[in-house]
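*Asks:* Take a look at the letters that make up each chain.
Number of protein chains: 4
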Amino acid sequence: MQPPGLIVAPLTPFTSDLTLNEAALQRQIDYVVRDCGATMVVAAGVETQEYTYLSLEQRKALVRRTIEFVDGRVPVMVGISHPSVKTAIELANDAEKLGATVVQLLAPLRPFAGQPTQSDLVAYFEAIGRETRLPIALYLNPGPGADVSIVDSIVLAKLPCVQLIKESSRDLARVSRLIVEIDRAGHAQYFTTMQMLLATLQLGGSGATMPPPASEIARHIIDAFMAKDIDRAAELQLQFALFPSKWMHRGLAPTMKAAMNLIGIPVGEPYPPYAPLSRDEMTGMAAVLKTTVLSARLSVTAAA
Amino acid sequence: MQPPGLIVAPLTPFTSDLTLNEAALQRQIDYVVRDCGATMVVAAGVETQEYTYLSLEQRKALVRRTIEFVDGRVPVMVGISHPSVKTAIELANDAEKLGATVVQLLAPLRPFAGQPTQSDLVAYFEAIGRETRLPIALYLNPGPGADVSIVDSIVLAKLPCVQLIKESSRDLARVSRLIVEIDRAGHAQYFTTMQMLLATLQLGGSGATMPPPASEIARHIIDAFMAKDIDRAAELQLQFALFPSKWMHRGLAPTMKAAMNLIGIPVGEPYPPYAPLSRDEMTGMAAVLKTTVLSARLSVTAAA
Amino acid sequence: MQPPGLIVAPLTPFTSDLTLNEAALQRQIDYVVRDCGATMVVAAGVETQEYTYLSLEQRKALVRRTIEFVDGRVPVMVGISHPSVKTAIELANDAEKLGATVVQLLAPLRPFAGQPTQSDLVAYFEAIGRETRLPIALYLNPGPGADVSIVDSIVLAKLPCVQLIKESSRDLARVSRLIVEIDRAGHAQYFTTMQMLLATLQLGGSGATMPPPASEIARHIIDAFMAKDIDRAAELQLQFALFPSKWMHRGLAPTMKAAMNLIGIPVGEPYPPYAPLSRDEMTGMAAVLKTTVLSARLSVTAAA
Amino acid sequence: MQPPGLIVAPLTPFTSDLTLNEAALQRQIDYVVRDCGATMVVAAGVETQEYTYLSLEQRKALVRRTIEFVDGRVPVMVGISHPSVKTAIELANDAEKLGATVVQLLAPLRPFAGQPTQSDLVAYFEAIGRETRLPIALYLNPGPGADVSIVDSIVLAKLPCVQLIKESSRDLARVSRLIVEIDRAGHAQYFTTMQMLLATLQLGGSGATMPPPASEIARHIIDAFMAKDIDRAAELQLQFALFPSKWMHRGLAPTMKAAMNLIGIPVGEPYPPYAPLSRDEMTGMAAVLKTTVLSARLSVTAAA
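Chains as they are written, first to last, in the working numbering: chain A, 1 to 304; chain B, 1 to 304; chain C, 1 to 304; chain D, 1 to 304.
Keep in mind that the hints were calculated from the coordinates and are not lab data. One should not assume that every hint holds.
[What the hints assert, rightly or not] Not everything, but these chain D residues come out facing chain C in the computed CB check (under 8 Å): (1) 173; (2) 230; (3) 238; (4) 241.
[Stated by the list, open to error] Lysine to aspartate or glutamate pairs mimicking EDC-like chemistry, simulated, CA-CA at most 16 Å apart: (5) C:86 - B:57; (6) B:228 - A:235; (7) C:86 - B:17; (8) B:86 - C:17; (9) D:86 - A:57.
[What the hints assert, rightly or not] Listed next, the stretches of chain C that the computed footprint assigns to chain D, with coverage defined by at least 3 CB atoms under 8 Å from CB atoms of chain D: (10) 177-185; (11) 206-213; (12) 235-249.
All C-beta atoms in this analysis are idealised placements derived from N, C-alpha and C, irrespective of residue type, glycine included.
Assemble the whole structure, with the sequences as input and the hints as a guide.
*Replies:* Right, here's the structure in full:
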């Protein structure tokens, strides 16, 4: 059995004129790889990475820089989700040339209302799978993407081109079943979210994907789990009970950017029109983070 | 710390003329208490117990018989959810006289559309709380009941009359936060569902409530957890991955009745118009149950 | 062709000790029949009538009084929706003895989660239909009741026992289709809501059901429509644009009770824990009602 | 008062290699302007136009060709909805240069889950409004876009840059109120959908937007309404009761493309992976269209 995966999606730092802050990205990626022990890094793959605001050229540049800054230390998964199938294929081809290991693709909304059928979804993934030699990570995130049933998720997982799954729901009944019918059945590796991490590992799932600095807490959970110190793993998992839930009405990107700024690895503010957390919200978050494994970084910052 | 709670809600066995099959109820309660090690039994509290089909007199008789058959071996929680507040109070008063320990009360739907506000909910629970000396178990089950936000759930949990919570969602992000802000904060004991059991115990929740025979699997999970054999607990938790998920389109009551019938503790068929599982569905379920701790009972039945 | 139907559901006036205020009910029914020209009166049929708060005996008494006070001037439709099928049948039998013309029955929620299937629904309506000689009005109101698809609604409408339909959605695409496939096809009469009244009449539907005093505005709409004064009908229909929408976060029962109190036909306050409209909200509503056909009654009251 | 608006969104015809079929677009636009009497044409504005599949260059080319083929006969509204704000502004600037009259902009989803707040929405529309001299049509379409409350819709309509609104819901209670508080209040012109057309006109809304050939039926409805032949208008409105509802599980783009192909103005098939209607579905649709104002075109085709 492989060790559990910790797939980390760096936040996208913007300069004041809303272009990519490369220095901030590089520092962040070093933190993600070195301090969080990411086993894979995601480039422009999830909405919390605010890639949807970028032009196609900016998005490609973000992917390129991410791969450069990771610099071969771990594999990179490149997001290719795009309403245009041809653009998704173009992004997959680019990813392949740049040395990506996997491409991540959202189960797409039907543009003209209603959910896509099983055969729509199969045709979509097969069409894109034919155009790239890279394995596909099926990305399940109802809202930005389709709401895929348990049965359809299993069918997609059995496609040869689909080798990973990233599940964004926190429904443990759904996830338990999919871990058994997909991951333990050998069809694809199943990854969930920070709140589901310990439960996922115990049920036999492959790990979780998340942005920093949640990934640093996750690293401690995984290490405790591997060391069979389950009490410690459970205590650590509780660090995801209040954080990020208490700030989620502001959105995950503003919340995680605030946390990174608090621990001294600044990544700037959310892309407009979304607002950064207020001073009061930051103070409240600092108080919660002080009770987590992030507290050491926090004190250094506060002292500075 | 108290040992984890296993609150069991017996299914309601009907005779062919749709009245309570008392003998089947008694056998089932003996199984629940003796073999599943229920720490509390629920009388007419959750919809899977099909109590909504009963007339008020039939419902009271079901409560009375349940308490009689439990016969003081463990405490009994009596459901008092009813659209009429006065009837709910009448049921609470009856429960008190019959020796119940707790009453269970659904966060109510607003009858004329829309969700109740926080002050509606507080006024409702306080009004009923004033009329009974028994503590209340707040029952959160969106659909039959209101969809109560995290913030409102915490406010309700702080009411002195609310001392337990039964959460029907399987959203682990929600549940993690509520365990910390309600159970570990000392406001009320938090109970979840079979699919959430191990995760709940590890995060510090109080246990779970469920019908038999899921409760027998749950007993093994709790025992392994208490014995600190977490690998075994996790392996047992996986027995809830396919069961009951694969039959949930038929509903939880028909699914659990089928499982009870398969393990030789017959509880009859669902109340019409809901249909029992087909012969093929029963065969499929038997194959899945053979891989669980219920397999021993299953073979006996098959042999008979 | 029959003239359009105006089915009116009187609000339930409670005394200060939360029993039925019979005098207030009688006055209101006189208003509904005489001034609104109701073509049918509903007894304890829709949730806005707050019947769900009543004990079974109180509910039966409300039905009996409603029929007495209508006193044969128009037919009465009696609500028999109840989670217990046997109680629903008991209510239907009572309704028949008391001289009701139709019984109204909610497409039921499945008590143990998920939507009922087409065959569940057909079995349910057929089972109840067998037990009463009265025709059934199928009541479609997702939330308190099931969310019935277009296809399943058509199947139910074709049952011989179903002769009317009360649709609570305001989805004109759905309603247009159902009017054609159900009402114009001769399977059942289709009734909608106040906001849909003129559109329903123009498309060939049978009318609408609603509480007073919306019913007085509706009477004017129907009269203008019958007189082929469509400009007037459209102008009147606009009186439902702000009223009741601006107060719907408080619920339809509190909103309509406030309006009745404002026009001098007092019906008391909502059943607790739901609160009556505040003084400011009442003032705002009075200002809106002054622009409607209810203004005459309003000035009289204001003067008093 | 202005005559009612009929804003038509031509379907996007693709060649077999999935590029724009310009000849088919031109024929269609001639039909839309000449035969349907469109008062405005939409370029790449609504999802049914399948513009989300196009690369940015292909999308710009579609806009340019649409404006060329309309050739000044009526004003053109250009869709600028794009996850990237900067790209939306770029599209607005292009639209201005090409001679567009209005730009259409979807109330955006929050990329990282949850609905945008009122201040997020205001900031978003103001930011884009500052960058173009063209008025904005606010596009309300929950799913692809945010689910904007009644109150927030009114606030957005009062922004000076917002001068039209395209509402995709078919909720007549919502639309009635918004017509009064937005259109009749003078803040913006309110446009709805085909199923809502007559109701919208009667309540004082500004018209509707839709694809062909629904637009030809709509033209007849508007003409009858203007001629005060309301019986005829209502009879015509019923032509939208079965069409397109019966095929909507296939999606609006496949359904409308099938209808265009049936009436002899071919526009090809849906963009993959979405499938065209089957032969049986086409036959069923032809039977329904035979009962509409489109029947004349249909027979010619059938004969051909």
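*Asks:* Each hint should be assessed against the structure and marked as holding or not.
*Replies:* Hint check:
1. 173: Hint holds; residue 173 (chain D) Cβ to chain C Cβ min 4 Å, cut 8 Å.
2. 230: holds, 4 Å
3. 238: holds, 6 Å
4. 241: Since the shortest Cβ distance to chain C is 4 Å, the answer is holds.
5. C:86 - B:57: This hinted pair holds, its Cα atoms lying about 12 Å apart.
6. B:228 - A:235: holds, 15 Å
7. C:86 - B:17: With a Cα-Cα distance of about 11 Å, the restraint between residue 86 (chain C) and residue 17 (chain B) holds, given a limit of 16 Å.
8. B:86 - C:17: It holds: about 11 Å lies between the C-alpha atoms, which stays within 16 Å.
9. D:86 - A:57: Cα-Cα ~12 Å, so holds.
10. 177-185: Coverage by chain D holds here, the residue count being 4 at a Cβ distance below 8 Å.
11. 206-213: violated (count 0)
12. 235-249: Coverage by chain D holds for the stretch 235-249 of chain C (7 residues, Cβ < 8 Å).
The earlier numbered hint that this structure contradicts is number 11, and it is the only one.
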